[in-house]
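Starting from the two chains in their separate frames, assemble the complex, guided by the hints.
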Amino acid sequence: MRDTNMDRIRYQVMWDRLLSVVEEQAQTLMRTAFSTSSREAGDISAGVFDLKGQMLAQAVTGTPGHINSMARAVVHFLDVFPADIMKDGDIYITNDPWKGTGHLHDFTVVTPTFRNGVMVALFACTSHVVDIGGVGMSPDGRQIYHEGLSVPIMPLAVAGEMNEWLLNLVRANVREPVQVEGDIYALAACNDTGARRLFAMMDEYDLENLDALGAHIIEQSQTAITAAINALPQGSWKHSMRIDGFEQPIDLVANLTISNGIIHVDYDGSSGTSDFGINCPMCYTEAYTAFGVKCVVAPEIPNNAGTLDAITVSAPDHTIVNAPHPCAVVARSTIGHMLPDVIFGCLHQALPDRVPAEGTSNLWNVKLGAGHGITKRTEHDATAFMLMSFHSGGAGARPKLDGLSATPYPSGVRNVPVEISEAITPIVVWRKELRIDSGGIGSQRGGLGQTMEITSREDAPFGIFASFERVLFPARGRDGAGAGATGQLRLGSGENLRNKGFQTIPARERLIIEMPGGGGFGDPKARDPEAVATDVRLGLVSAEAAARDYGVVVGENGQVNSPATAKNRG
Amino acid sequence: MSDGARLAVDIGGTFTDVVMEQGGVQESLKILTTPEAPESAVLEGINEILQRTGINASDVGLVIHGTTLATNALIERKGARTALITTDGFRDSIEIAYEHRFEQYDLYMERPQPLIERNWRFSVPERIAADGSVLLELDEQAVHALAGVLGKAGVEAVAVCFLHSYVNPDHERRAGAILAAALPHVSITLSADVCPEIREYDRMSTACANAYVQPMMAGYLIRLETGLRARGLDCPLLLMMSSGGVTTVETAVALPIRLVESGPAGGAILARNIAQENDLSRILSFDMGGTTAKITLIDNFQPHIARSFEVARMHRFLKGSGLPLRIPVIDMVEIGAGGGSIAAVDTMQRIQVGPKSAGAAPGPACYGNGGTAPTVTDADTVLGRIDPSRFAGGQVTLQPERAAAAVEREISGALGVETNVAAAGVTEIVDEHMANAARIHAIENGKDMVGRSMVAFGGAAPLHAARLADKLGIDTIVVPQGAGVGSAIGFLRAQISYEVVRTRYLDLREFNPDTVNDIYAGMRAEAASVVRLGAPDEPLLETRGAFMRYRGQGHEIMVSMPVRALAPEDGVAMAGWFADAYKQLFSRTIPNLGVEVLTWTLSLATDRPGAEPAPLQKVRHHPEPQSQRRLFDPASGAWIGADVYSRAELRPGAEIQGPAIIVEDETTTLVTNGFGATINALGQVVMTRGEERNRA
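Top to bottom, those sequences are chains P and V.
Start counting the first sequence at 1259; every next residue gets the next number (my numbering).
Start counting the second sequence at 155; every next residue gets the next number (my numbering).
Any given hint could be a false lead.
[Said to hold, decoys possible] Residues from chain P that keep clear of chain V, each with C-beta distances beyond 12 Å, as calculated: (1) Pro-1322; (2) Arg-1400; (3) Ser-1572; (4) Ala-1642; (5) Gln-1761; (6) Ala-1824.
[As the list claims (entries may be wrong)] Derived pair list, reagent style BS3-like, types lysine-lysine, alpha-carbon separation capped at 30 Å: (7) V:Lys-510 <-> V:Lys-473; (8) P:Lys-1345 <-> V:Lys-737; (9) V:Lys-601 <-> P:Lys-1658; (10) V:Lys-737 <-> V:Lys-772; (11) P:Lys-1357 <-> P:Lys-1310; (12) V:Lys-601 <-> V:Lys-232; (13) P:Lys-1658 <-> V:Lys-510; (14) V:Lys-473 <-> P:Lys-1658; (15) V:Lys-473 <-> P:Lys-1625.
[Claimed, not checked] Chain P regions said to be covered by chain V (calculated; three or more residues, Cβ under 8 Å): (16) 1341-1350; (17) 1435-1443; (18) 1464-1470; (19) 1551-1558; (20) 1667-1680; (21) 1684-1696; (22) 1771-1785.
Don't read these hints as lab results, they were simulated from the structure.
Glycine residues also receive a C-beta, built at the ideal position from the N, C-alpha and C atoms.
If we strip away everything but chain V, and leave its shape as in the complex, we get (with noise of 0.2 Å):
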């Protein structure tokens, strides 16, 4: 990359976060998103920054975008008008979806619905098999009367799906042709393209899900094109993706679906980035804000990609109560425990919060706009733990004589016991429901804790981390700079990337160099001729996958592939890099038993350097307190003595003993007993457990 200035824009629900680089330097601001035009707030934000930092529009080389619209329109339902055209018979495959009740002791539960009413769904005859074949020939003129009743309709978007159009997509390319033809205004989406992959609910609800969220997409990133060059940014303009990978306005137009979560996705793209400058090869991402928890598992810098994941869950998080899009997509699991989540007790005396949120407004008791439920601010207040005067940056006075009052109100009472205690519960099951998610997360990839280190960014999270940290035998915290604005400071770090998924069913049995050879080189072809839109001459990166499976077996595995032809002796190699992958993942193998793959994955990016680990604080010095503040702590039960110190004045190379809180305008660092913590280089704080510092 050039010296050039960059630039970085995250919309959020809340707010849209604008970031500047230049030589190393950054400066960020933060500015209310406006939703019915998302692009002003975007211009008015970079507006400001080029004042702010006197840096040209025409000196700006690049504007890395992400925005959770998508998202948004998927959760409101605020999307296009939209029809689905899909094999006669299978119209209502979309809501029978997989036939399943997410929640099993609950008589009341609903269904997501599909975002596509009963009356938008209309089918066709025609019908391709398993193998490709053509069973029944897709009858254009029943394609050429649906379009003509759509256009009258005031239709949108479509999405067409087919059955087995993974394997033979000729039919849907036919009706998709019939139809831009006779609807040149209509937003077409192919299941094909977007989603050519076997199970044809997820499928058809990726497809349904592109269709719906493209009219609005597309006419944002028009608009906001238009108006950077207007402001004389004629730099290129790329767009962050769920796979912490950045593509051009041209795949994110054609594509939007890709763009969901591209929040999320930049946090663990700077969470990468931070592993790379402590030199930390196996880390655990923790980003802890309002209303969820992420974690992500990121191994050699390298965060997980899953093939899937699903938006706008209803209940509790619950996997199933959301709809699913198989996207390339960063592997995090999302908690419902925030700083705003509700503390309650229930029948059997067991505290349980969230996944209910006080949300802004009224947001905690502390905050006192008449919020009473006691929420995990709360409990972090009560055990002194947050610094009243200094919240937010002085902007929100915390009461904590209203946090302790909800707290005895809902807690104490009904557990019988004092009111610090309860607050301490309240933050001890908290912890414990993150360490549990987390731990599912790890098993469910094959993955553990043992040697990990975390890194700890969001409003929330520095309070929490050592704690997390503790029941999950983590010994190492890195806190970053700039946690308010992660997500557009992790944009500026993603490569140009793109990822591209078949389904090809292959017994190994029956392997063929020269047919897996085929499939990955049309795979490499699409993938190049999206990433050479943004990055014409860098050198690529290629990462190949195969997701196999014993035959019969219902879940498939990840198994990396290398990157070269398959010669014939391969095919007996894939089975013992399967064998060796399921080993991994389950601790043994299973004899005699034939492997199969379903699915092929290609990934494309730039190869560009990571970043080089800090330079090494040789001086250490031991920074004066500002002041001290009495603090629960749960692991003793006991009330103690810390220090408080202002992050804005630690300067590299100091060194601070727990137990501590850092207060910043964003967070509050807690620095607990079993801690230290040092400001590195870089000027992030490093939390070390004690018997590690003392073994260094």
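One chain only, chain P, in its complex shape (with noise of 0.2 Å):
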């Protein structure tokens, strides 16, 4: 029997109109933030939720770190803080990096909304704030307390009162008082943007709460993401990558799992925890898990509580990957980034042709600074300053295309112009291009990498917070490709630098930064020879390396010399 009324098709209308209002909380957000990374790249999230803390719907945003991570976090605040004592006006906070998303740098708000005297949900939302004390984005710290300052879930306001006590708290321990302070009120304004959305719809639809569309939403979602596995190939999958890591390589192991309308991904084997800050707590892990999960299995499917628990994740105590209080964790991404490319592995064995080749994956970014206790004083007044910009090597190939060159994954970044930089800093980025043959060789080529080359316009040093990975392990590449470049950080002078940790560029030195290529997809003899001629005729692949690697000879004139290649790839 078919529906003859309306009812489905006004569900989906509401269930869009609840994305647009959290687009609407997010894209607010994003307008008033202050720090690099909540403005340029997008490291924000927006949610609204019902009573019990299940999220109905979630922003499409920048990072996706927040994934389930900030689904999560809902349910430790009511836990705290139970819907029935909360009040109109009242809005909370915390940035604990267990209970939030992963590091102190994140501030996590939750504002329950009252329409006609009654709460009919709650709004949450995450940025990453400009500083938080402690020793800055920088891994160097051992424990958490080096990281700065720690605000355990509690109000930031009642009764529309600001937590004025907290703030000042705030206000007093970070670098940046007046911008972490104008985050803090961009998160609150935004939870205000999307209740009156909100409200606004209820209204037009005349509805006193949200529990049958909630309940539509989380049962479609559910029903199509169990759809979607249970389409897929049943067993296990076991794959481990070495990474870099801070003072000695770290291996991360996943096993996957597909049962049931279920994939649940084990981190049994991977490396026990750091000493500095790299550690990575379980819902970071969480968050980057599903998502590289979702990308594969059901990209389409919009994030919330129907989809929660369909992407299980566990992992031993006092692993990298499940990293407890109090170890340091504010560059948890350095981990968190390469957890796809692990489950990729995995994906490869039961979807082969689905799943890119290792990337880079992990972020280049430039964390620049100069002032008291960060270089030495110099009879020059050199400028003090800060300075964070996102950068990426190259991704991994796909099955039938190239990877992408200096483009971030599983991260979804912007970089910040170079003139933006330049107006801000003493600094002068004297180049910033490709760097030629660093894509992993293979039927798809690997994305390339760049290089950056930095001096300072005073004389006097500058320092880096240096976090890079692939430096000593290169992103492999899949099905008898090669891996790419790995990455180099070094001095003009010649002298290499260390990839983790902070060090001091001398004054009148040139800060060299070569970032990793992507691996490359298939047997580099079977690329196509004019993709390999266009390659090289665009400067990606020098010749040398055509006729090297991929077995093809391009002549002078750009053009493939198909005998000489013939005869090269037998």
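And the structure:
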């Protein structure tokens, strides 16, 4: 029997509207945020929840680190402040890495919203503030206490009055008090925007509460993701990947099981915790695991409570992917960004020709600074500054496409224009160019890394807060393809720098950052000779590498020398 | 303006529209665009309209022209062989862009390819710092050497973009002079001329795009001007710009990139004019055609001008999937939702509409041209909203049974709902998506929908306007006449204008009125030199703005500035104006935070009076409907009877009660049962929501 009424259609319209509500909420946050990572990189999150803390809709924003993690955070808030004691005008806040989104720089703010005196929903949002005290955005800290101010779940506002004592405490503990306070205000404001839009929808559709709509959203999503998982080959697959780490290399090991509508990823076998701030709390491990799996299995299904439990994650205690308090965690993305590659290694066995090769994956963010306590005093009055700019090496080749050059995955950040960075600091970027021959060879070539060369305009040293991966262990190719080039950090005069930790660039020296390439996919000797010739013509691959690695001889005229190529390829 | 005849010509992808206006009377025609030599359709259309109207070529006082040629060249990558010369170390900036994936979950995403391939991108030693000082002198020998290489390679256009040229263009100018001397037949674009703004990727992208279309546009415009002269049209030829203003051929040849999207800009100007005629101070302009819908918010008869937009978005109209252009442009949101947009059901049993379109061929299933996918037009047909025998003036006889079969096959089965419910679902979802896009566009600009009216034009808009208005809380909708040539009519209403934008960083703590006054004086002189070409002695209206932000924030907001010399105390006043604008956008200000200015804007336009409000139509009458149709009403989920009227026969003062449909050659206006409609003195359909009408 077919429906003759419009109920189904109305539910979909309201669901679409709810997704639009959280999109407006997120837009408001991005436009008012201060920290570079929030406004340029979209390192924010916004969502709406029912009174049990079940997430109904989440905005699609720049970084996946808040997927599932923010969804679970609201439940932690409700554990401390049950819904029945929340009042109109209350706002709650935390930056607890284990209950929020993985490091102290992320504040999560939850606002209960009241319509006609009745609480109808909770709005939550997260953003990355510019500073939280401690050692700064550098993995040099040994414990969470080194990394800055902790704010346990507490009120940010009570009955409409901002918690001035808390704001005072925050201002006193961070390097950029005005901007951080501005970011906290922005978080509160975006939840208000969400609430206003929600009320308009409830008025239009004459809704008293979100119960029926929430049930519809969760059920449809759950059904869809279960069906998507059940359509996959069932079984278990294991894969491991070695990365640089801080004091020693780290093994990331995933055991992925597909069965009964659930994908479970267990990280048993992964390395133990680090003494430095590259540890990853479980919530962040869950976020990047869920993201990696969803990209392959169900990219079109929105995140909500119905999809939350379809991808489950476990890891032994005290491993790098399940680091407990008081481990230092500020650079938890070092691990988190690598997890999709490990998951793809498992899925490639189950689903050949669906997942990319390994990529640079971890961002090559350039964090520079100078000033008291950072660089040594010089005879000149050197300008004090801090700069954070997001950059990426090459991504892994895809089964039928080359890898993207200088493009992030899994993170989705944007860089800061060189002209903007130079306008607000004394640095000069002399080169920012693709790195020839850095893409892993394969029938599909890995994405190229890029090279940056940086000096100070002043006769003064500056420091780099390094947190770079794929310097020792490259992004590997798949199915006979080659690895991407490893990255490198060095001075113009030749000295190599460490890939992790704070280091000083002496006055008048040039800092050279060479970012890694992505892994290739498939046999390089099977790459279309015309594609190789194009790469040579564009200067992405040298003629020598074309002949040596691809067996393709490209003449002076840029054309393939077919007889020589045939001979070369055998 | 004189009472002389005026011509407007709009070249679109398929049709070239020609409109002649004299003494308030319009005559229009459509003729197929001739892509190989666009001027031939233009000239043929002008010949024909001169014949039809009996007007002498010598009596035509003005020709205003808009064209998608530049846009199409960018989309289809059919521009000139273009080279880029930039600062050593930056030849990949145009490709590296923002290092951004615009589609988070798509593992197979491709980034937009730059217009200029890597082997046509060159660099020379030189470097200017952020404060304009020279870190490394320009290596002129390197430029000379490159000129030789480019000449041999047969390059047709060169874009020069050096770092920080927006603050110090000396090196660009010197390089440009060397190239011009060595390559006299090559078009040279300097980024400091096209887009003197900070952010190297955007500036480089804009300069490359300008260079890329320049030889073609210059050739076309000169051929057109010659052709017009040969036909005795000695009057001025003005070009429509994306900003909604018009400019001279001379400026258009130098900065052809400012001509992109002139058609949609004409539509927005038309909407503004209709707002004036109906005295509606806050409107939403809604233009829905075959593949996309465009929504523009116009307050106080002034379309909002944005500084940038993206051309040639290749992926679902997503931000970041196109090429950024930093030019003044009427701010509008474009959605992949039109009559031809295809509907499908996804894995979550949700109806998805667009952005894929059936286009004109094969077109919607009901055209009977082989299309099998259900489209928005098919859904409208199933719901009884379109008279199958009178679609497109009867040129296409729709086949409702094919529409129903397509909806049944692709939607009803998957959802387990009746065909009519499925069709209603398609229209509801497309209307909802347009409403959501409008709301997000509004929030991005600190505006809302409260108290707004709508102007609806384009083939599909009048069918969807009433339901969209429901969703946005809009009570009044105006459907103009001649919606099919709306952009061209809009051209006739545009002012001669020019916008200048300059990046000059200013921390308000260091405010010096002389500095700011000097900036504006320079900008005014530049704008005047352009506007005076087209309007030698008319009074001009100047508007000023500053893009300001809290110190350290990532996005600037536009703050209106007074048109007068600033005094020392205005530094404090500017902080206050910024705070007011910020509060308007985000509901609160942030205490104790410094304010900075990044960019200054100045616009100069002729100050011609706007349209007079239409006289009130006091005498009302109730026309007899021609026939009756059955409509499915999504709001109630029931079939209802509707009266059918022919628009051509409706006279001013006619009053119609919804549900009704008003049919004309180019479109159908759906008056839902919540609305009534009257025909005003200008022949426009004015729909008003029931409760509002009763109150009036």
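Hints, verified against the model:
Under the 12 Å C-beta cut-off, the non-interface status given to P:Pro-1322 relative to chain V is violated; the minimum distance is some 7 Å. Listed as a non-interface residue, P:Arg-1400 keeps its Cβ farther than 12 Å from every Cβ of chain V; the least gap is roughly 30 Å. Look at P:Ser-1572: its CB is around 24 Å from the nearest CB on chain V, clear of 12 Å, so calling it non-interface holds up. Even its closest Cβ contact with chain V, about 14 Å, leaves P:Ala-1642 beyond 12 Å, as expected for a residue assigned away from the interface.
Interface exclusion of P:Gln-1761 from chain V stands, the closest Cβ pair being 23 Å apart, more than 12 Å. Taking the minimum C-beta to C-beta distance to chain V, about 26 Å, the non-interface status of P:Ala-1824 holds against the 12 Å cut. Of the supplied pair hints, the one linking V:Lys-510 and V:Lys-473 holds, its CA atoms being roughly 17 Å apart against a limit of 30 Å. Note on P:Lys-1345 and V:Lys-737: the hinted pairing holds, with a Cα-Cα distance of about 26 Å set against a maximum of 30 Å.
Pair hint V:Lys-601 plus P:Lys-1658 does not hold up; C-alpha atoms about 44 Å apart against a cutoff of 30 Å. A C-alpha spacing of about 43 Å is found between V:Lys-737 and V:Lys-772, which places the hinted pair above 30 Å, so the restraint is violated. Restraint check for P:Lys-1357 and P:Lys-1310: satisfied, since their Cα atoms lie roughly 17 Å apart, inside the 30 Å limit. Taking the CA atoms of V:Lys-601 and V:Lys-232, the gap is near 38 Å; set against the 30 Å cutoff, the hint is violated.
The straight-line distance between the Cα atoms of P:Lys-1658 and V:Lys-510 is roughly 23 Å, inside the 30 Å bound, and the hint therefore holds. Straight-line distance between C-alpha atoms of V:Lys-473 and P:Lys-1658 comes to about 25 Å, which keeps the hinted pair within the 30 Å bound. Between the alpha carbons of V:Lys-473 and P:Lys-1625 the distance comes to roughly 27 Å, so the proposed pair stays at or under 30 Å and holds. Counting residues of the stretch 1341-1350 of chain P whose C-beta sits closer than 8 Å to any C-beta of chain V gives 0, which falls short of three, so the coverage hint is violated.
Three residues within the 8 Å Cβ limit are the bar, and the stretch 1435-1443 of chain P against chain V gives 5, so the coverage statement holds. Coverage of the stretch 1464-1470 of chain P by chain V is violated [criterion: at least 3 residues with CB-CB distance below 8 Å; count 0]. Three residues within the 8 Å Cβ limit are the bar, and the stretch 1551-1558 of chain P against chain V gives 6, so the coverage statement holds. Only when three residues or more bring their CB closer than 8 Å to a CB of chain V does the claim for the stretch 1667-1680 of chain P stand; here the count is 10, and the claim holds.
Restraint check on the stretch 1684-1696 of chain P versus chain V: 7 residues with Cβ-Cβ distances below 8 Å, three needed, restraint holds. For a cut-off of 8 Å, the count of residues in the stretch 1771-1785 of chain P with a CB near a CB of chain V stands at 0, and the three-residue condition is violated.
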